[in-house]
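If you read the protein sequences in the order shown, they are chains P and H.
The working numbering applies: residue 25 is where the first sequence begins, and numbers increase by one.
The working numbering applies: residue 12 is where the second sequence begins, and numbers increase by one.
Any given hint could be a false lead.
Only pairs whose alpha carbons sit at most 20 Å apart, straight line, appear in this in silico PhoX-like list of lysine-lysine [what the hints assert, rightly or not]: (1) 24/H x 184/P; (2) 415/P x 105/H; (3) 164/H x 105/H; (4) 164/H x 91/H.
Label-pair distances were calculated between CB atoms; the ranges are [said to hold, decoys possible]: (5) 169/H x 369/P: 22 to 32 Å; (6) 369/P x 156/H: 30 to 40 Å; (7) 278/P x 56/H: 42 to 52 Å; (8) 214/P x 15/H: 42 to 52 Å; (9) 310/P x 156/H: 31 to 41 Å; (10) 402/P x 48/H: 39 to 49 Å; (11) 106/H x 440/P: 45 to 55 Å; (12) 106/H x 362/P: 50 to 60 Å; (13) 214/P x 160/H: 33 to 43 Å; (14) 362/P x 163/H: 28 to 38 Å; (15) 256/P x 102/H: 35 to 45 Å.
By construction, these hints were calculated from the structure, which means they are not laboratory data.
Note that the Cβ used here is the ideal one computed from N, Cα and C, for glycine as well.
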Amino acid sequence: MTVRRAGRWAFIITAVVLVAGLVTAAFAMRNLLSGKSGGAAQIVNASPEVVARGKYLAEAADCAACHTAPNGAPFAGGLPMATGFGTIYATNITPDPDDGIGRWSAEDFWRALHDGVRRDGRQLYPAMPYTSYRGITRADADAIYAYVMQLRPMKVANRKTELNFPFSVRLGMLGWNLLFLHDSLPAASAGSSPAWQRGRYLVNVLGHCGECHTPRGLVGNMELSHALTGFALGRVAAPDITPAGLASRGWTAAALRNFLGSGLARQGSAFSDMHPVIMLSTRNLTAEDLSSVATYLLGDSPPPGAPLPAIPPPEIAAANDAGRISYLALCAGCHGLEGNGVPNTVVAMRGNSTLRLADPRNLIVAMLDGIGAENFPHRQSMQAMPGFSDKLSDGEAAALANYLRAAWGGQKGDVTPAAVRALRR
Amino acid sequence: MSLATRPLTVTVKGRRHGPMDVPEGMMMIDVLHEVLDLTGSRLGCGQGMCHACVVIWDRDDHTSEEVPACITGAAFFDGKRIRTIEGIAERNDKGEIVALSPVQQAFLDQFSFQCGYCTPGFVNAATVLIERLRRAPVPRGQVEATVAAALEKHICRCTGYVRYYQAVRDVILATPGLTRDTA
Chain P
25 MTVRRAGRWA
35 FIITAVVLVA
45 GLVTAAFAMR
55 NLLSGKSGGA
65 AQIVNASPEV
75 VARGKYLAEA
85 ADCAACHTAP
95 NGAPFAGGLP
105 MATGFGTIYA
115 TNITPDPDDG
125 IGRWSAEDFW
135 RALHDGVRRD
145 GRQLYPAMPY
155 TSYRGITRAD
165 ADAIYAYVMQ
175 LRPMKVANRK
185 TELNFPFSVR
195 LGMLGWNLLF
205 LHDSLPAASA
215 GSSPAWQRGR
225 YLVNVLGHCG
235 ECHTPRGLVG
245 NMELSHALTG
255 FALGRVAAPD
265 ITPAGLASRG
275 WTAAALRNFL
285 GSGLARQGSA
295 FSDMHPVIML
305 STRNLTAEDL
315 SSVATYLLGD
325 SPPPGAPLPA
335 IPPPEIAAAN
345 DAGRISYLAL
355 CAGCHGLEGN
365 GVPNTVVAMR
375 GNSTLRLADP
385 RNLIVAMLDG
395 IGAENFPHRQ
405 SMQAMPGFSD
415 KLSDGEAAAL
425 ANYLRAAWGG
435 QKGDVTPAAV
445 RALRR
Chain H
12 MSLATRPLTV
22 TVKGRRHGPM
32 DVPEGMMMID
42 VLHEVLDLTG
52 SRLGCGQGMC
62 HACVVIWDRD
72 DHTSEEVPAC
82 ITGAAFFDGK
92 RIRTIEGIAE
102 RNDKGEIVAL
112 SPVQQAFLDQ
122 FSFQCGYCTP
132 GFVNAATVLI
142 ERLRRAPVPR
152 GQVEATVAAA
162 LEKHICRCTG
172 YVRYYQAVRD
182 VILATPGLTR
192 DTA
C-alpha cells in the first residue's frame, strides 16, 4: 500500500467516524436532550378508585422504601444509596412543581418507569429499578401517577448524585440500557396458572425482588442467568429465593404468606433490609396477592419444603463442643437450650432460615453485629439481640456458627475463623 | 431424669468458687442466687432488656464491663472474675461493711431510687463507668452525656432516672482524675 493510498483510507475512515458521530449527536439532541423543563404544574383529576388502586400499587412497588428518607417527609426523597460507583440519592416524587414531579405528565412518569428517562430527557441510573418496572402496565403506571400526584407537595430539594467518572456521564446509561434493559425478566419458577402469572408481575415487576436477590455484575447489572439466587449488596445478603433455595430452607407457600404478610414465620423474622420491605410493602398485599407471590416463588408444583431438622443427635453436640459451650454461654438464655426461642419475643434457632443457608455470611453478621429490636404488624415485636463481636474470638465465633449450622440448620460445619475475621468491622 | 451438668469455676470479688457442677444451660443469675447464695443481683425481665441483673466482668486487660446475668449462661463465666453488688461496698476483715462506695453513698444522699429493685444494676453500671473514666477521662462538659449514654440501657420504673443520673454526674465531677478541662 502506498503512502498516498493509506492517506486516502485514513481520510475515508475519519469522515465515516465524523459523520457517524454527527448523526449520533443529532439523534441524541433530538431524542434525548430535547426533554422538557418548565411548563405548567399538572392538575390530575382521578377518581378515588383510581387513586386507591394507585396507592396499593405504589405499596406493592415499594416506592416509599427509597423515596422516603428515614424521618423524612413521605415520598420527598433523600435516601442515600451507596453503590460501588458513588452515592445516589432518591428523588422527591411529591407533586411539588419545582422540587418534585409536579410538572410531569402521565407520559413523563411512564417513561421514567418504562425507559429510565427523566422528564428533562436525561437518563436515570438503575438504582431506580426501571429494569424491573419496565414490565408495569400503562394503566398501572397511570394509577400510581394519579396517586403520587395527589400527595402533599413537599419543598425538599433533590440532592445531587455523587458518582465517579465515567459513571457520572448519564449518557453512558444508553449503552448500559442496550445491554441490560430487558422487556421481561426470566421466570423464577415453572408455572402458568393465573395465580402464577399474577405472582410473576408482583415479584418480577412491582416488587422488584430481583434488584436485591439477583447477583449483580461488574457494571451493576442484574445477572439474569442467576436470577434470584441471592446476593450481598450490603452487609446482610439477600438470600436465594429460587424454588430450590427456598425449599431447602423449609419454606412452604403457607410460611411465605405468613412471612410476607407479617414479617414472622417459623423460619425466622424479617431483619436488615427485608424488614422495611415487609413493613412498607408486602404487609399491604391482599391475601390473594400474597398467595400469588408464594405460588410464583415456588412454582405451580412447589418442591416439598425440607423438613425441620430433627433434635440434634448427641454426636453433633459432642463434635461441636466448643461451639455448644458458646451457645450455652451467650445464646441459650434467649434462644433456649433446645433452640426453640421465646414465642412472640425471640426467634427459634431450630429450623431458622439463616442457619440453613449454605453461605454462613448472614449468621456470622448477626452474631457479630446483633439485630435491633423490630416491630411487626399486628402489634408483634421481636426484642433486640446484642452483638457479640467483643465477646467471641474468630475461632469461638466460627465454632459457634458451626454448632448452630450442624445442630439446627442441617448445614456443614465448615465456617473458618478467617471467614469470621473477614466480616469484622 | 437428671440434668446434664458442666463444671464451673468462677472468682467473685477475689474469692474463687469451684470447680463445681452446675446444670448445663443454667443462667448466671441462678448460679448466684441458688448455688453461691449471693442474692443481691436482681432478676427483672429475664430477657436481657432491663439490666437490673448486670454483674461486673473484670477482664484480663484490666478493663471492666457489665454483663446481664439473666441471659448469660454460667458457661460464659467459667474461669472468669466478676463482681456483684455484694462486693461494691468496702468491708473489713470480718466481712462487715465499713463504707459504701461513693456511688452507693450518692444514690442514698440524692434519693435516687424508690423501690430499689433496679439499684444493684445502676450501682454496677456506674461503677463500670467510673472505672472507664479513670482509664480515659472525658472533658467536664461531656460528663452529662457520658452518664446518660452509659446508663441508658438500665430501666427504672419508679421514675428514678434524673436522680440516678445526677448522683453519678456529681460523683464523677467530684472525683479527681475522671475528667479533664479541655476538649
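**Study point:** Structure versus earlier hints - violations, ascending order
**Key:** 1, 2, 3, 4, 7, 9, 12, 13 and 15
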